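In case you want the letters, here they are:
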Amino acid sequence: MQVYLPIAEMSVDALLLMGLGFGVGWLSGLFGVGGGFLLTPLLILIGIPSPVAVASGANQTLGASVSGLIAQWRRGNVDAKMGTVLLAGGVVGSFAGVQLFALLRRVGQVDLAVSLFYVVVLGTVGALMVLESVRAILRRRTAVRRKLHEHTWAHGLPMKMRFRKSRLYISVIPPFLVGFGIGVLSAVMGVGGGFMLVPAMIYLLGMPTSVVIGTSLFQVVFVAANVTLLQAWQLGTVDILLTLLLLAGGVAGAQFGAAMGTRLRGEETRALLGLLVLSVALSLLWGLLKPPGNLYSAGPAF
Amino acid sequence: MTETAAEKAATARRDRVFLVVVDDSPEREVALRYACLRARNGGGRVALLRVMEPVPMIEWAGVGAMMEEERREEAEKLLSGLGAQVQEITGSLPIVVIREGEPRDELLTLLEEDPRISILVLASAAGSGGPGPLISALTGRYAARVRVPMTIVPGGLDDKELERVT
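Protein sequences appear in the order of chains A and B. Take the first sequence: its letter number 166 is residue 166 in full-length UniProt numbering, and every next letter is one higher. Take the second sequence: its letter number 129 is residue 129 in full-length UniProt numbering, and every next letter is one higher.
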């Protein structure tokens, strides 16, 4: 069933797209992740132009994260004040990211840049995940202890603010910078960034783990919404048909994945996720390195 | 003859255990107080059960481990605080149980496993939104799996009324 995607300017099998959405939704429900980091590269691999793939990835992340945010909000696991500071950084960062994206597009290097970002970020993240789980599988229980209220140079920064829910009294600069970084990544890669935001909140900002997931979802939802909006408005790269087909599959897939995910836990699952992330990075790397089939024909400069 | 029967009854009373489920509801306070007062007035001990929410799947193993640790610490802190409260009223420390999982299932498993527990004390929510999930489940679909008598304390009782009924 071929459909023509008006913005991506190509025909794709609608069932393939729904299947892709279903698969990514299933994995994101299973592993409890946003799914943007899987969807964007997969779309690129089936031939969707990178700018459209990035915009759709951000959109999918938004759809997948909203219900999670509502659930966490009801249970009071969202530090709204910290979330707002992160979000302020995130909005500025995603705005900067979209400008960077527009610049790359003008010089015609957007495909290369998106792939490179993915190879570097996913390669690092995937390798760390696999390493961490292998280590944990070998040793099983490892007591990871962190010193509470460790004093670092970050505590000397000005503009301190009290975050009651996170039991922190810190400068707003580190959370703003963290939000900014995730915002840039979100705009360029079309990911929510939760997989980097969560460890950053714990290890860099020292937030208690109970509020980390809810607060990161808070940031992810609004930043992804902002990215989608900016991409649509400034670059005109949001393909509504593509997004609709992906989301239709994704919503159904997420339900299945979440139901299975409660039974599937532990290190093996994590190692699997790490391998998945790594293989996506490697396939993109291969795409960058392999000699093109036709050396003398340039693709359309999107 | 009658004396030995009375003695027997007295030791039996001392042996009984009131189990209170420590959740985050406001009526928990009422159930706990009721159990303490009955244990003080009629003999017996109080047991506290805290069921932790299992840690969700997180990408990073280190974060997951830290999350579990923090939850356990929090549960222990809460229970030791309540334990002091129980000791103040009944004079003895409560039995403390921490489990991880679905509160209803863990409660039922504990009742099956631990024969010391003789009475389950639950308090119903004071509002109009129903008695609370545990009471609804244990008096409804799961009623057949409850192994001990159950006491439901109305969540709206104040201290004076609690004194009177215990």
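Just so you know, these hints were derived from the structure itself, not from any lab. Remember, predicted model here, so these are calculated numbers, not experimental data. Check the hints yourself; a few may be wrong.
[To be verified] Simulated restraints, written as ranges between beta carbons of each label pair:
#1 80(B) / 162(A): 41 to 51 Å
#2 156(A) / 80(B): 53 to 63 Å
#3 81(B) / 252(A): 41 to 51 Å
#4 177(A) / 78(B): 26 to 36 Å
#5 85(B) / 282(A): 56 to 66 Å
#6 126(B) / 67(A): 25 to 35 Å
#7 130(B) / 177(A): 39 to 49 Å
Here a beta-carbon is modelled for each residue, glycine too, at the ideal position from N, C-alpha and C.
Consistency of the hints with the structure:
{"no.": "1", "hint": "80(B) / 162(A): 41 to 51 Å", "result": "violated, 27 Å"}
{"no.": "2", "hint": "156(A) / 80(B): 53 to 63 Å", "result": "violated, 36 Å"}
{"no.": "3", "hint": "81(B) / 252(A): 41 to 51 Å", "result": "holds, 45 Å"}
{"no.": "4", "hint": "177(A) / 78(B): 26 to 36 Å", "result": "holds, 35 Å"}
{"no.": "5", "hint": "85(B) / 282(A): 56 to 66 Å", "result": "holds, 58 Å"}
{"no.": "6", "hint": "126(B) / 67(A): 25 to 35 Å", "result": "holds, 30 Å"}
{"no.": "7", "hint": "130(B) / 177(A): 39 to 49 Å", "result": "holds, 46 Å"}
Going through the hint list in order, the structure does not satisfy hints 1 and 2.
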